[in-house]
Structure formats: C-alpha cells, structure tokens
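Student: Single-letter residue listing:
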Amino acid sequence: MGSNEIRLRKQKLNPGRVARHRNYAELMRKHERSLKTRHLIVVLVYFIVVLIMLFISLMIIRMEKKKELKNVRAYAFSIDHSTQPLPVRTLLIRE
Amino acid sequence: MYGNACDFTKTFGLLTKETLLQSEDDIRNEYAILERSGKNPQAFGELYERYFDRIFNFIYRQTEDEDLTADLCSQTFLNALKNANKFEFRGVPISAWFYRIASNEVNKHYRKIKKAKVFSIEEVLIKELIEISSDNLPTGQAGWSEELVQKLVEYMKELPTDMLEVLQLRFFEDKDFREIAFILSITESGAKMRTYRALDKLRKNFNLSIKYDGK
Chain A
1 MGSNEIRLRK
11 QKLNPGRVAR
21 HRNYAELMRK
31 HERSLKTRHL
41 IVVLVYFIVV
51 LIMLFISLMI
61 IRMEKKKELK
71 NVRAYAFSID
81 HSTQPLPVRT
91 LLIRE
Chain B
1 MYGNACDFTK
11 TFGLLTKETL
21 LQSEDDIRNE
31 YAILERSGKN
41 PQAFGELYER
51 YFDRIFNFIY
61 RQTEDEDLTA
71 DLCSQTFLNA
81 LKNANKFEFR
91 GVPISAWFYR
101 IASNEVNKHY
111 RKIKKAKVFS
121 IEEVLIKELI
131 EISSDNLPTG
141 QAGWSEELVQ
151 KLVEYMKELP
161 TDMLEVLQLR
171 FFEDKDFREI
181 AFILSITESG
191 AKMRTYRALD
201 KLRKNFNLSI
211 KYDGK
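Just so you know, the sequences run in chain order A and B. Read in order, the letters of the first sequence correspond to residues 1 to 95 in the working numbering. Read in order, the letters of the second sequence correspond to residues 1 to 215 in the working numbering.
Honestly, I wouldn't trust all of these hints.
Said to hold, decoys possible - Lysine to aspartate or glutamate pairs mimicking EDC-like chemistry, simulated, CA-CA at most 20 angstroms apart:
{"#": "1", "chain 1": "B", "residue 1": "Lys201", "chain 2": "B", "residue 2": "Glu154"}
{"#": "2", "chain 1": "A", "residue 1": "Lys10", "chain 2": "B", "residue 2": "Glu64"}
{"#": "3", "chain 1": "A", "residue 1": "Lys12", "chain 2": "B", "residue 2": "Asp174"}
{"#": "4", "chain 1": "A", "residue 1": "Lys10", "chain 2": "B", "residue 2": "Asp26"}
What the hints assert, rightly or not - From the structure, some residues in chain B lie toward chain A, with a derived Cβ separation under 10 angstroms:
{"#": "5", "residue": "Glu66"}
{"#": "6", "residue": "Leu81"}
{"#": "7", "residue": "Glu88"}
No lab work stands behind these hints: they were computed from the structure. Here a beta-carbon is modelled for each residue, glycine too, at the ideal position from N, C-alpha and C.
From just these sequences and the hints, can you work out the full model?
Tutor: Quick look at the structure:
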C-alpha cells in the first residue's frame with residue numbers, strides 16, 4: 001500500500017514537445033538492426049547445432065571403430081589360444 | 001472536513017470520445033494494417049502516427065521524464081512491430097495492445113531501477129474529471145482549493161499500484177473495462193472491482209457523491 005509517488009503537474013504535455021520525440025525513421029532503423037541481430041543469432045544457433053551434431057557423430061564413429069578393433073583383437077586372441085599343438089603320440093601313429 | 005462538499009462527476013470529454021470510439025470495422029482495418037506490417041514494416045507507420053501521442057502521454061504519466069518516456073515509447077512500438085505477425089484479433093482495438101506493451105515496458109523499467117512508481121497527473125485533468133458542485137460546498141468555500149487538491153493527492157498515495165493503474169486507464173486514458181482487463185492482463189470483473197473500490201474509498205474519504213456511468 002502507498003508505495004507510489006504521486007506528482008501533480010500544472011500543465012498537460014505540450015503536443016509540440018511530444019512531436020519532437022516522434023521519429024518513425026529511427027524506429028525503422030532500430031527494427032532493421034534488431035532484424036539483422038535476430039538473423040545473426042539464428043545463423044549462429046544453427047551453426048552451433050550443426051557443430052554439436054558433427055561432434056556427436058564423430059564421437060560415435062570413433063567409438064564404433066574402437067569397438068571394432070577391440071572385437072578383432074579378442075577374435076585373434078581366441079584363435080591364438082584355441083590352436084593347441086597335437087600330442088606327440090598321435091603324430092607318431094600317423095607316421 | 002469536506003462533508004458533502006463536492007460532486008464527483010465523471011466527464012468523458014477529455015480525449016473527445018468520438019475519436020476514441022471505434023467500430024468493429026475500424027478495429028478490423030487496424031488489424032489488417034498490423035498484418036501487413038508483418039511483411040512490410042513501412043505499413044506500420046500509419047499506426048505509429050495514429051497512436052504515438054497517446055502512448056507517449058500514457059508513459060509520461062508514469063515516469064515524468066521526457067527522455068525516458070521517449071525511450072520506452074520507442075521500445076513499445078519496436079516490440080509491437082517485432083510481434084506484428086503473432087498478434088491475433090481479440091475484439092479489442094490495436095491501441096489496447098500498444099497500451100499493454102507500454103505498461104509492461106514501464107513496469108520492467110521500475111523493476112530494474114527498484115524505485116517507487118511515479119504517477120504524474122495533470123492538475124487540469126483532475127479538475128476536468130472531478131467537477132465540484134457549488135451547491136454542495138459549504139458557505140465561503142469556493143470550488144477547487146489547493147488544500148482539496150493536496151488532500152486528493154495524499155489520498156491517491158494511499159492507493160495500491162494496481163488500483164492506480166486501473167484508475168489511470170479508466171479516467172485519464174478513457175479505456176473501457178474490457179480494454180483495461182486486456183491491458184493489465186486481469187479479468188473484466190477484476191478491473192471493475194478495482195475501480196469501484198477506489199471510487200468507494202474516494203466517496204468515503206471525501207464524502208463525495210459520484211456520478212458514474214459504469215460503461
């Protein structure tokens with residue numbers, strides 16, 4: 001309650017003084033500027049989004065490559081350990 | 001003190017009512033201009049020229065600073081132009097939308113500077129709005145006195161901001177309750193209630209008889 005300041009003016013605002021501040025050309029300039037800024041922001045946001053997508057896809061590719069390499073290594077290791085040398089006795093029989 | 005002293009008469013002739021009352025066609029025409037402004041900003045000039053003075057005065061009554069008013073007014077029209085595409089026909093004149101943006105800009109400014117809101121009222125306007133009936137004046141007291149004006153100002157200081165906003169729109173900007181509700185984002189009944197409460201307080205404080213058309 002009562003947190004406002006009430007001021008009493010003797011006169012109404014002079015229309016000439018109001019007209020001094022009327023400037024449509026300036027408003028148009030500001031509008032053009034804000035449009036340009038908005039476009040710039042949109043382009044920047046798109047650029048950042050594309051950059052993030054690119055980064056994510058690169059990360060995925062890298063991870064998949066790593067996974068593939070790991071699989072190949074594991075396969076090679078399993079082959080390596082599954083080929084046991086034949087016992088001497090069987091060799092002799094064959095001969 | 002002012003027992004039966006005044007006759008509070010609502011006089012709506014301040015902004016020449018004929019120029020303010022708009023038909024449905026006029027409102028639709030203005031919406032069409034606004035729609036065009038979305039594609040061609042130059043079309044907005046017509047609305048700017050038509051409403052600049054009113055919006056400027058509306059903001060000035062809440063700031064009493066010409067340069068600040070010019071900035072806020074410019075921001076108001078800039079915001080309107082930016083959002084011209086988004087605005088939909090809601091039955092209220094375009095001016096109500098401008099008032100709404102202006103009101104938001106003023107509130108934003110006061111939130112930023114953290115100072116008490118200023119309501120700058122023309123003495124002439126108060127005297128035009130509140131007509132003192134000389135029949136009700138006690139003997140020896142002539143119409144408006146400095147003391148009475150000061151009392152009224154003191155009374156207005158006691159009113160909460162939301163009530164002052166409604167009173168300003170209702171009596172100084174000559175807006176109807178539907179528009180006030182739209183401008184302040186409240187319900188129409190809420191706007192009416194605030195006005196009647198303020199007028200009721202005025203009646204009690206000053207013992208005035210109020211003639212009010214309740215439009």
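Student: Are the hints correct? Go through all of them and say.
Tutor: Status of the hints after comparison with the structure:
1. Between the alpha carbons of Lys201(B) and Glu154(B) the distance comes to roughly 13 angstroms, so the proposed pair stays at or under 20 angstroms and holds.
2. With a C-alpha separation of about 12 angstroms, the suggested pairing of Lys10(A) with Glu64(B) holds against the 20 angstroms cut-off.
3. Only pairs whose Cα atoms come within 20 angstroms are accepted, and Lys12(A) paired with Asp174(B) is accepted, the gap being roughly 16 angstroms.
4. Restraint check for Lys10(A) and Asp26(B): not satisfied, since their Cα atoms lie roughly 35 angstroms apart, outside the 20 angstroms limit.
5. At a threshold of 10 angstroms, the smallest CB-CB gap from Glu66(B) to chain A is about 7 angstroms, leaving the interface hint in force.
6. With 10 angstroms as the threshold, the beta carbon of Leu81(B) comes within range of chain A, its nearest partner Cβ sitting at about 5 angstroms, so the hint holds.
7. Look at Glu88(B): its Cβ only gets to about 21 angstroms from chain A, farther than 10 angstroms, so that hint breaks.
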